[in-house]
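Kindly generate the complete structure, drawing on both the sequences and the hints.
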Amino acid sequence: MDARVKPLVSVNDFVVKFANVNGSGSASANGLFARAILRMGVPVAARNIFPSNIQGLPTWYEVRIVEAGWRGRRGGVDLMVAMNPQTWDKDVAEIEPGGYLFYDSTKALPPSKFREDVTLLGVPLTAICNAQYSDARQRQLFKNIIYLGALSALLDIDPAEIERLLGEQYRGKEALLESNRKALAMGRDYALANFACPIGVSVARRDAVGNRIFIDGNSAAALGAVYGGATVAAWYPITPSSSLAESFAKWCRKFRTDPSSGERRYAIVQAEDELASIGMVIGAAWNGARAFTATSGPGISLMQEFLGLAYFAEIPAVLFDVQRGSPSTGMPTRTQQADLISCAYASHGDTKHVLLLPEDPRECFEFGALAFDLADRLQTPVFVMLDLDIGMQDWLTEPLEWDDSRAMDRGKVMTAAELDAGRDFGRYLDVDGDGIAYRTYPGSHPSRGSYFTRGTTKDRYARYTEEGPAYVDNMQRLLRKFETAKTLLPKPVITPAGETTSAGVIWFGSTGAAMAEALAELEHQGVHLDRMRLRGFPFDDSVADFIAAHEHVFVVEQNRDAQLKMLLVNECAVDPAKLTSVLHYDGTPITERFITREIGEKARLYNVTPLTGARIQGAGARKAGGRAA
Amino acid sequence: MTYLTKPKLHHPALPKNALGYTRRDYEGAISTLCAGCGHDSISAAIIQAFYELDIAPHRVAKLSGIGCSSKTPTYFLGNSHGFNSVHGRMPSVLTGAALANRDLIYLGVSGDGDSASIGLGQFAHVLRRGVNMVYVVENNGVYGLTKGQFSATADKGSKSKRGAVNSDEPIDLVLLALALGATFVARGFSGDKTQLVPLIKAAVAHRGAAFIDVVSPCVAFNNHPGSTKSYDYVREHNDAVNRLDFMPTREPIAADYPEGSVRDVVLHDGGTVRLRKLDADYDPSDKVAAMAYLESRRAKGEVVTGLLYVDPASDDMHAAMKTVHVPLNALGDGDLVPGNAALGEVNASLR
Numbered sequence: 139m140d141a142r143v144k145p146l147v148s149v150n151d152f153v154v155k156f157a158n159v160n161g162s163g164s165a166s167a168n169g170l171f172a173r174a175i176l177r178m179g180v181p182v183a184a185r186n187i188f189p190s191n192i193q194g195l196p197t198w199y200e201v202r203i204v205e206a207g208w209r210g211r212r213g214g215v216d217l218m219v220a221m222n223p224q225t226w227d228k229d230v231a232e233i234e235p236g237g238y239l240f241y242d243s244t245k246a247l248p249p250s251k252f253r254e255d256v257t258l259l260g261v262p263l264t265a266i267c268n269a270q271y272s273d274a275r276q277r278q279l280f281k282n283i284i285y286l287g288a289l290s291a292l293l294d295i296d297p298a299e300i301e302r303l304l305g306e307q308y309r310g311k312e313a314l315l316e317s318n319r320k321a322l323a324m325g326r327d328y329a330l331a332n333f334a335c336p337i338g339v340s341v342a343r344r345d346a347v348g349n350r351i352f353i354d355g356n357s358a359a360a361l362g363a364v365y366g367g368a369t370v371a372a373w374y375p376i377t378p379s380s381s382l383a384e385s386f387a388k389w390c391r392k393f394r395t396d397p398s399s400g401e402r403r404y405a406i407v408q409a410e411d412e413l414a415s416i417g418m419v420i421g422a423a424w425n426g427a428r429a430f431t432a433t434s435g436p437g438i439s440l441m442q443e444f445l446g447l448a449y450f451a452e453i454p455a456v457l458f459d460v461q462r463g464s465p466s467t468g469m470p471t472r473t474q475q476a477d478l479i480s481c482a483y484a485s486h487g488d489t490k491h492v493l494l495l496p497e498d499p500r501e502c503f504e505f506g507a508l509a510f511d512l513a514d515r516l517q518t519p520v521f522v523m524l525d526l527d528i529g530m531q532d533w534l535t536e537p538l539e540w541d542d543s544r545a546m547d548r549g550k551v552m553t554a555a556e557l558d559a560g561r562d563f564g565r566y567l568d569v570d571g572d573g574i575a576y577r578t579y580p581g582s583h584p585s586r587g588s589y590f591t592r593g594t595t596k597d598r599y600a601r602y603t604e605e606g607p608a609y610v611d612n613m614q615r616l617l618r619k620f621e622t623a624k625t626l627l628p629k630p631v632i633t634p635a636g637e638t639t640s641a642g643v644i645w646f647g648s649t650g651a652a653m654a655e656a657l658a659e660l661e662h663q664g665v666h667l668d669r670m671r672l673r674g675f676p677f678d679d680s681v682a683d684f685i686a687a688h689e690h691v692f693v694v695e696q697n698r699d700a701q702l703k704m705l706l707v708n709e710c711a712v713d714p715a716k717l718t719s720v721l722h723y724d725g726t727p728i729t730e731r732f733i734t735r736e737i738g739e740k741a742r743l744y745n746v747t748p749l750t751g752a753r754i755q756g757a758g759a760r761k762a763g764g765r766a767a
Numbered sequence: 307m308t309y310l311t312k313p314k315l316h317h318p319a320l321p322k323n324a325l326g327y328t329r330r331d332y333e334g335a336i337s338t339l340c341a342g343c344g345h346d347s348i349s350a351a352i353i354q355a356f357y358e359l360d361i362a363p364h365r366v367a368k369l370s371g372i373g374c375s376s377k378t379p380t381y382f383l384g385n386s387h388g389f390n391s392v393h394g395r396m397p398s399v400l401t402g403a404a405l406a407n408r409d410l411i412y413l414g415v416s417g418d419g420d421s422a423s424i425g426l427g428q429f430a431h432v433l434r435r436g437v438n439m440v441y442v443v444e445n446n447g448v449y450g451l452t453k454g455q456f457s458a459t460a461d462k463g464s465k466s467k468r469g470a471v472n473s474d475e476p477i478d479l480v481l482l483a484l485a486l487g488a489t490f491v492a493r494g495f496s497g498d499k500t501q502l503v504p505l506i507k508a509a510v511a512h513r514g515a516a517f518i519d520v521v522s523p524c525v526a527f528n529n530h531p532g533s534t535k536s537y538d539y540v541r542e543h544n545d546a547v548n549r550l551d552f553m554p555t556r557e558p559i560a561a562d563y564p565e566g567s568v569r570d571v572v573l574h575d576g577g578t579v580r581l582r583k584l585d586a587d588y589d590p591s592d593k594v595a596a597m598a599y600l601e602s603r604r605a606k607g608e609v610v611t612g613l614l615y616v617d618p619a620s621d622d623m624h625a626a627m628k629t630v631h632v633p634l635n636a637l638g639d640g641d642l643v644p645g646n647a648a649l650g651e652v653n654a655s656l657r
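In the order they appear, the protein sequences are chains A and B. First residue of the first sequence? That's 139 in our numbering, and the numbers climb one at a time after it. First residue of the second sequence? That's 307 in our numbering, and the numbers climb one at a time after it.
Because the hints were derived from the structure by calculation, they are not lab data. Be a bit skeptical, because a hint or two may be false.
Derived lysine-lysine pairs resembling DSBU-like cross-links, with alpha carbons at most 35 Å apart [what the hints assert, rightly or not]: (1) K311(A) to K593(B); (2) K490(A) to K453(B); (3) K392(A) to K628(B); (4) K606(B) to K593(B); (5) K629(A) to K550(A); (6) K490(A) to K320(A); (7) K550(A) to K628(B); (8) K606(B) to K462(B); (9) K320(A) to K251(A); (10) K606(B) to K499(B); (11) K490(A) to K619(A); (12) K628(B) to K388(A); (13) K619(A) to K144(A); (14) K624(A) to K716(A); (15) K499(B) to K467(B).
Here are a few chain B residues that face chain A, going by a calculated C-beta distance under 8 Å [what the hints assert, rightly or not]: (16) G388; (17) L405; (18) A406; (19) L634.
Ideal placement from N, C-alpha and C gives every residue a C-beta, glycine not left out.
Written out as structure tokens, the structure is:
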């Protein structure tokens, strides 16, 4: 190794990236790696970076060991576990100077394949496997466990934690457990015998995880749908949303199936396409069940006509949109926040829809349940906007909680008793000014309260009409309803900067993971920003106030066209010149380094940073310690 | 004009059914379709069938797509909830509704454009899913509301009113329904109420996906000599394989038909459909034979009507899904929400 470059030294603050081949069984070993570190009380931020493919293509797993608890990507790699010859050159190039390269040294590689400025950690994995196992499948699977064992020694990960996890995984399958243990020990023994363990980067036991849980957003959102009382799910498989519907099935088997009779208090239909999915959701919700679909951008495109019907005929519907790289088929296994406009204004004509913007799996659970109350209360589609980064990655998140005194809000539903008592029923009659009319469930009364649901124009009593005044009256009421929605949505989270400032920053969703860390770093650099995290659309009135109160507002989002900025300009009537976009849209999750650099440069340009007293340091300066919000 | 209401005064001597409803209670708004439209005859048959079945009107949900046929639910069962959805997508909306409340009766009304063109996909999947419903296609081979374009069921070689000749092969929805797994498949003719009313009644009593294709001439655009869906053509070429009587379970079944020409099929609610056979060889329980028969008659330019196939032992989507017997829309917090303690266990499993 080049003597001028010192090997990186860090305890509990470094990035490990596994470069694997899709379908090689590496996911299980890599997951064990991340969870063993969590069990040592050290937070991790882990992400699968995978292709739209079943077997044979490159896949990566990036684990950021971060005692400070940041949940975003940092950018850069300190230790590369290079197990895929296809991507070797690119993987090796990605290592930070002074970093480490772990690889299979069975077959000698020419020196040109290596770098001078990284520490080489070659382990003859294939040779060890071939000596130990005769079966090709075993050789492949146990190779993963052997490298896990070697890494545990190199990074000082407590092998007892890995063994405990293996024990939980293979409970009742003693033979499998034993062979995994053995493979783990082989890798460990080799590393201990051949390297000075631990290397410069290592893990040390802490108590920084607390009672947080490790869960993906799709699974959490599906659990939210269970707690939100959803009984009907209709969906069509599409990455990255499929696991949401499948998780719903899993949770329902656990919580909604009668143990003795096997009867199910739910119905799940894998529909023939997204049009049918949303049609079933609308039919079920019209008939008084709580119903949802899970989809991604292409599905949203297909659902447009039905969404206009649900808006205009005022039928509750919940949609989980797990956004992916777009447009068109785009990057199915990459992340973006690029469906904001197509959801907010879905369908032809004058339409506006309610969006919920969760920032992590915990909010996926909360908003996943809340969406059903909102849809029933507002009698309109409600979109829960996840993205691949939240939906498909395991995040360290606060434990899920439920208030047992909470009851479903079914909204304005006129009962048979109320109809019998002579209450005037007009399906589109606003009796109290909130823009929301009463509905009746089909079959509830023999002679009163029936009406015809249609996508055509109708009067307050649901009678077909093409009269202009009746049409305008209805469209104005829908606007009033949208105003009511503002009062019911989760409020933006406003956090003032540490010092008085004329600049602010607005973001939503998964951007928050990198944003928290970037803001700490920027503050360290003397760039102070008041913060507003949006959680819903239509925007609360405080959003316009926040923008008005600042000279410059950065809007950070993960799409090319600044869709959030468009919505802000359009809905809040703000001067576009006040808003400066920070856009990240290459399909990878936005990083702390990207935000810090972009905002840092622009802030200096705008003189956001006071020239006197500012402690401008290099972008690599890090704020030590402290736990992420 | 759909917003005109019919006079509410009833003649005191109007006959009532077992629930005390008169036929008027099953009617809807005044039709806005053209005078003589076959669809209005189908509406009348639906009214008659539900009246005779003693089904409370509000226990029926009627759903449709877009088109002349899809407008008709306004003209019958005025005390039922109706849903005029989007073009070709009634089946998915009906499926969702049926999932939410298994206790209502679902009547889907569609047309040949709605089901055979834009909605062919949903038509297929709702049948193969076994949704418990009656699916009626009011089939006139033409787009009425947009003024006379051919639909996908128009016969090859048939002429439009303007003289254009259809060069595409027709889709036979009955054959498709058989292939797709519908468990009750029939064809009627809007001009033959004697046959149609018992068909509808038997379809309602059937558990599972019941499909009725009703040839319904369009007086405005498709009732001319070049059309194979005109009144005259169908009357001349109708090959009725059976005549039906539908008897609810409580009525004694009279056995006054000659041996060999009568066949009783017991349906799910205990009601019986009695087939008075016109064609001695026709067996409605043999799907393969039914398909062959339909094709052989079609080759001769004949329109086969009657109950073409029924599986009396069929079951529906809810049975396949093992859904609880209480309608899903009637379940409350206690049935659905696992609570905070359960969440604590979930949390513990994720550390």
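Results for each hint:
A threshold of 35 Å between alpha carbons decides the hint, and for K311(A) with K593(B) the separation of about 50 Å lies outside it, so the pair is violated. Between the alpha carbons of K490(A) and K453(B) the distance comes to roughly 33 Å, so the proposed pair stays at or under 35 Å and holds. Between K392(A) and K628(B) the alpha-carbon distance is near 15 Å, which keeps this suggested pair within the 35 Å criterion. Using a Cα cut-off of 35 Å, the hinted pair K606(B) and K593(B) holds, with the two alpha carbons roughly 20 Å apart.
A hinted pair counts as satisfied when its Cα atoms are at most 35 Å apart, and K629(A) with K550(A) qualifies at roughly 23 Å. With a C-alpha separation of about 59 Å, the suggested pair K490(A) and K320(A) falls outside the 35 Å cut-off, and the hint is violated. Among the hinted pairs, K550(A) with K628(B) is consistent with the structure: their alpha-carbon atoms are about 31 Å apart, no more than 35 Å. This hinted pair checks out: K606(B) and K462(B) have alpha carbons roughly 14 Å apart, not beyond 35 Å.
Distance restraint check for K320(A) and K251(A): the Cα-Cα separation of roughly 32 Å lies within the 35 Å cut-off, and the hinted pair is therefore satisfied. The straight-line distance between the Cα atoms of K606(B) and K499(B) is roughly 25 Å, inside the 35 Å bound, and the hint therefore holds. At roughly 11 Å between alpha-carbon atoms, K490(A) and K619(A) fall within 35 Å of each other, so this suggested pair holds. Taken as a hint, the K628(B) and K388(A) pair is honoured in the structure, with Cα atoms around 15 Å apart against an allowance of 35 Å.
Taking the CA atoms of K619(A) and K144(A), the gap is near 63 Å; set against the 35 Å cutoff, the hint is violated. For the given pair, K624(A) sits about 23 Å from K716(A) by alpha-carbon distance, which is consistent with the 35 Å threshold. Between the alpha carbons of K499(B) and K467(B) the distance comes to roughly 27 Å, so the proposed pair stays at or under 35 Å and holds. For G388(B), the interface hint holds, since its Cβ comes within 8 Å of a Cβ in chain A; the closest pair sits about 4 Å apart.
Because the beta carbon of L405(B) sits about 5 Å from the nearest beta carbon in chain A, less than 8 Å, this interface hint is met. Hint status for A406(B): holds, given a least beta-carbon distance of 3 Å to chain A, under 8 Å. Using the Cβ-Cβ criterion of 8 Å, the hint placing L634(B) at the interface with chain A is satisfied: the shortest such distance is roughly 4 Å.
Checked against the numbered hints given earlier, this structure breaks hints 1, 6, 13; the rest are met.
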